[in-house]
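Chains as they are written, first to last, in numbering that gives the first Met the number 0: chain A, 0 to 238; chain B, 0 to 297.
Any given hint might turn out to be false.
Claimed, not checked - Each pair of labels, with its calculated beta carbon distance range: (1) 108/B x 85/A: 29 to 35 Å; (2) 157/B x 65/A: 39 to 45 Å; (3) 114/A x 90/B: 44 to 50 Å; (4) 56/A x 51/B: 58 to 64 Å.
In short, the hints are calculated from the structure, not lab data. Computed from a predicted structure; not experimentally measured. Virtual Cβ for every residue (Gly too), placed ideally from N, Cα, C.
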Amino acid sequence: MSLLSVENLVARHGLLTAVHDFSCTIEPGEVVAIVGANGAGKTTLFRAIAGVHTAAGGTIRLAGADITALPPHRRVAAGIAMVPEGRRLFSEMTVDENLRIACENGRRGSWTLATVLEALPQLQPLLRVPAGGLSGGQRQAVAIGRALMSNPALLLLDEVSLGLSPIAVAGLYESLAALKAGGTTTMVVVEQDLDRVLGFADRVICMLEGRAVLEGRASELSRSQIASAYFGLATGQVH
Amino acid sequence: MLDAALQGILLGGYYAVLAAGLSLMFGVIRFINLAHGDLAILGAYLVLFCAERFGLSPWLALVLVLPVMGLFGWVLQGALFARTMRGGFLLPLLTTFGLGAVLQNGMFGLFGSDARSLGNAIGSLSWESWQLPFGISLGKLPVITFGIAVFVLVALQLVLSHTRLGRAIRATSADAEAAELVGVDARTVHRAAAAIAVALAGLAGALLAMRALVNPYAGPAQLIFAFEAVVIGGIGSLWGTLVGGIILGVAQSFGSLLSPQWFQLAGHVVFLGVLGARLYFSHAGRRGGLRFLLTGAR
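Produce the complete structure using the sequences and hints provided.
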């Protein structure tokens, strides 16, 4: 059974339809990247899956169970965690508190403070520091750690490397690669850097104007195929 | 002078309890509850009712009434406040203004228009005092009130800093959506915050009824004092609320040295002075400040 299945999802901002009849399935353990230009609907899709944007139509299933009507905190309990665009840390709370609050309100599982610090050792010296005082890369690491603390079956990472220095991005992808190698966390990432996407993801979905226009295995897609789908020059499926 | 300052500081304790709930509601839920003063008076009347009808000690009655007030706050937030917040920023103001009118007239209908006090029920505590050097006497009740204020604020601070609920409250107040994304049920957190706020209002009302007379229409004046304490101390800051309450109390206490009318007036003047100063300093650099407002010159 698919871990996540999105069927004919529609999401709107007022009169603007940001996600248009979107369908996809994500298998357990898979790492899927969603690429697309600004305004293609990637963030709205993520927000609809996480429950903070109310879907105007369609169905979202997690491990077969219909979660379309659940509020966001119940979806966390069901096993979805999202690292939102802009990290959205609780800036006046310490790193420790940011992690702990996710632990207290999320699912129980193998991720604990100890295992998260093992996966993201750069957080160890920062535990007592208010999250507002961190650099961009540190903030993203805290945001990922916070999401892991709720023991998600599905981890959504929005704009992973946006606003980070190249060194911070490299460090971050090292952590994510280790997470992927663990094989237990299913990840969907929104990423602008195509080289990163093709190196990291198993499968790529390219969105254009709220629709999936290209989908295929990362190993079988070329940069030019993705680029033409990205700009709406060609559509198709590669398997 | 020293006497007036001390009395003012002790009075500030009462204002801090009154204002803490208002500040909590605004800080966590971004909700301005114009019925806060009326809820305080409701708390006072409930304690009065228990004391007079069942002959309970006011302190015991208070222990019984506070959970009832908290439950009332929980229900109000769930059934009324949360719904009005979906209707824009004006609707909560109108709704709580109306709720205040309902509470006032409801209390008038149930308890009558007589001014009442818990003064009799607390016995000698209402007039006993401690004598200090330099001829200063501190009333036991104001000292106890101040002690309760400090205790309440310390307890609230500990809850916010060190408990699961406190962390959830702080996270929700910083970013409600991000809190939902880590699994916090923001609706429940809002209800809990409203329950604490309304219970604090009830506590303040009971303390008021111990020291003074209350009537069903006394709420709006208390709301104004609470607002002034919150604004002077800085919105959303717990200890700022105590500082604001003390500044307000001291101003009123010094004002009453001039003449009885100046008791309230001095408080309002200090409040307006703080607002004006804040306006001046926050805009001075950018827009030419007060001089710009007064002269219209660039």
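Open item on the list: Does the beta carbon distance between residue 108/B and residue 85/A stay inside 29 to 35 Å, or does it fall outside?
Closed with: Once the Cβ atoms are compared, 52 Å apart, the range 29 to 35 Å for residue 85/A and residue 108/B is violated.
TODO: Could you see if the CB distance from residue 56/A to residue 51/B stays within 58 to 64 Å?
DONE: holds, 60 Å
- [ ] Starting from the hint 39 to 45 Å, judge whether the C-beta atoms of residue 157/B and residue 65/A obey it.
- [x] The hint (39 to 45 Å, Cβ to Cβ) holds, given that residue 157/B and residue 65/A are roughly 42 Å apart.
- [ ] Could you check the hint for me, namely that residue 114/A and residue 90/B are 44 to 50 Å apart, CB to CB?
- [x] holds, 46 Å
In the structure shown, a violation is registered for the earlier hint numbered 1 alone.
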